[in-house]
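Protein chains: 4
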Amino acid sequence: MLEASPDILSRLGQTLIERKQAAPGSSYVASLYAKGLDAILKKVAEEAAETIMAAKDGQPDKIVYEVADLWFHSMILLAHSGLTPQDVLNELARREGVSGHVEKQSRKES
Amino acid sequence: MLEASPDILSRLGQTLIERKQAAPGSSYVASLYAKGLDAILKKVAEEAAETIMAAKDGQPDKIVYEVADLWFHSMILLAHSGLTPQDVLNELARREGVSGHVEKQSRKES
Amino acid sequence: MLEASPDILSRLGQTLIERKQAAPGSSYVASLYAKGLDAILKKVAEEAAETIMAAKDGQPDKIVYEVADLWFHSMILLAHSGLTPQDVLNELARREGVSGHVEKQSRKES
Amino acid sequence: MLEASPDILSRLGQTLIERKQAAPGSSYVASLYAKGLDAILKKVAEEAAETIMAAKDGQPDKIVYEVADLWFHSMILLAHSGLTPQDVLNELARREGVSGHVEKQSRKES
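Protein sequences, first through last, are from chains A, B, C and D.
When the letters of the first sequence are read in order and numbered with my numbering, they come out as residues 293 to 402.
When the letters of the second sequence are read in order and numbered with my numbering, they come out as residues 293 to 402.
When the letters of the third sequence are read in order and numbered with my numbering, they come out as residues 293 to 402.
When the letters of the fourth sequence are read in order and numbered with my numbering, they come out as residues 293 to 402.
If we strip away everything but chain A, and leave its shape as in the complex, we get (with noise of 0.2 Å):
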C-alpha cells in the first residue's frame, strides 16, 4: 500500500479552515462549526470513548479508525480556535527537544 505523505496534516489544516466560511449545512464540518464549540468538544469526547472502547475490543482495524476520528475533531477544534495541526507538531517536536532548525539540518545531510 502506498503511503500517504505526513502533509495530509497540513492539507487537512487547510481545508478545516476553510470550511469555517462555507455554509452550514454544506459539509458535516461546517455544520459542526454552525453548532458552536460545545459540539465540537462533545465529539472530541466521544471520539476519545470510542477510541477506549476499540482498544479494549483488542481490533486495530478499529482503534486506527478511532484514532483518526479523535485527530480529525481536534483539528477541526484547532481551526475553530484559530490554530493549525503544524503548531501541535511543533510543540510535539519542541518537547523531543529537536529544534525546527536541527531538524531542518539533519534532514538536509540525509
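Please note that a few of the clues may not be correct.
Which copy is meant is left open, because identical chains are indistinguishable; a pair holds if it fits in one copy or across any two.
[As the list claims (entries may be wrong)] Quick list of in silico lysine-lysine cross-link-like pairs, BS3-like style, CA-CA up to 25 Å:
id	residue 1	residue 2
1	Lys348	Lys327
2	Lys334	Lys348
3	Lys354	Lys334
4	Lys327	Lys312
5	Lys334	Lys312
6	Lys354	Lys327
7	Lys312	Lys354
8	Lys312	Lys348
Since the hints were made in silico from the structure, they are not lab data.
Given the structure is predicted, the values throughout are model-derived calculations rather than measurements.
For this one, chain A is given, so just place chains B, C and D on it according to the hints.
Relative to the frame of chain A, chains B, C and D by itself:
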C-alpha cells in the same frame, strides 16, 4: 519561528516503538507501557478532558499543549497495539479521497 | 420546593430493568438497550463531558442537569449489566465505614 | 447482606460540604478541593473512563466500584459548586414526572 517537519510524527512513532523494549523505570513512556493498556487509556481520557477544559478556558497556548498531550498518548496507544501514526495518516488520507499515489502525483506537479 | 425522596434511585433502577423487556422503539431507554453496550458507554462519556463543560461555564442549573444525565445513563449501564443503583449505594456506604447494620441502628435511634 | 439506606447520598453530600472548610492535607477530598475545579473535573473524566473500561471487561464488581467512584467525584463537584446530591435527585424525580408531593402521597398509601 522555524517549523517542525511533519516527519516528527513518524520519528515519534519510531521512538515509541523502541521504548517498548526499554526497562520500565527508564522513561515516562516505558513506565506507562509497564502499567498496561488500561493505564494508557486512562491517560487518553484525561488528556481529552484537559483539551476540553483548555478550550473552555479559551487559551490557545493551552489548547495546543493539551492536543499535543492527547496526540502523544494516542500514539503510545498505537505503539502498544503494534500500530503507527502513519496508519492514522493513511486513514485520514483515505477519507479525504486522495490515495497516496494521487497525492504523490499532485505534489510532483505543484 | 418539595424534596424528592431518595427512593427515586431504586424506583428508577426498577423502571430501567423493566425497560429491558420492552420493544426497542417504545422509549429512549429501550432504544439505547437495543443499540447495545457501546452505545450506552458512549452516552456515559458524552454526559461526563457535558458535566465538565457545564462546570467550566459555572452554571449551577446546568451542572445539576448534566450530573442527572450522567447518573441516569450510568444507571442504564447498571441495569444493562444486571446491577442496581442500590449496589452503588452499598459500595458508597461500605467506603464510608458504615455498615448497613450500623446505619439502620442509627436511623432507629435518631 | 444488609442494604445501605438511600440516605447515604444526603449524608455523603453533607460530609463533602463540611470538608470544604477542612485543611487541604487533612483528607483526599480536602486535597482535591485545594487543587481546584480542573482537578475535580479531571477525576470525573478519569472515573467515567474507568467505568467504560470496567464495562468492556464485563466485571460486575468492577462496574459497581467505578460507578461509585464516578458518583462520588460528581458529588465533590456538586459540593464545590454549592450543590447537593438532593438537587440531582430532585431533577431525576422531575423528569420522571413525579413531584415530591405526589411521591410522598403514594408512599403513605402503599
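Evaluation of the provided hints:
no.: 1; hint: Lys348 - Lys327; verdict: between (31 Å within a copy, 15 Å between copies)
no.: 2; hint: Lys334 - Lys348; verdict: both (21 Å within a copy, 12 Å between copies)
no.: 3; hint: Lys354 - Lys334; verdict: both (20 Å within a copy, 15 Å between copies)
no.: 4; hint: Lys327 - Lys312; verdict: within (12 Å within a copy, 33 Å between copies)
no.: 5; hint: Lys334 - Lys312; verdict: within (18 Å within a copy, 27 Å between copies)
no.: 6; hint: Lys354 - Lys327; verdict: between (27 Å within a copy, 18 Å between copies)
no.: 7; hint: Lys312 - Lys354; verdict: between (29 Å within a copy, 22 Å between copies)
no.: 8; hint: Lys312 - Lys348; verdict: between (35 Å within a copy, 19 Å between copies)
In this structure, every one of the numbered hints holds.
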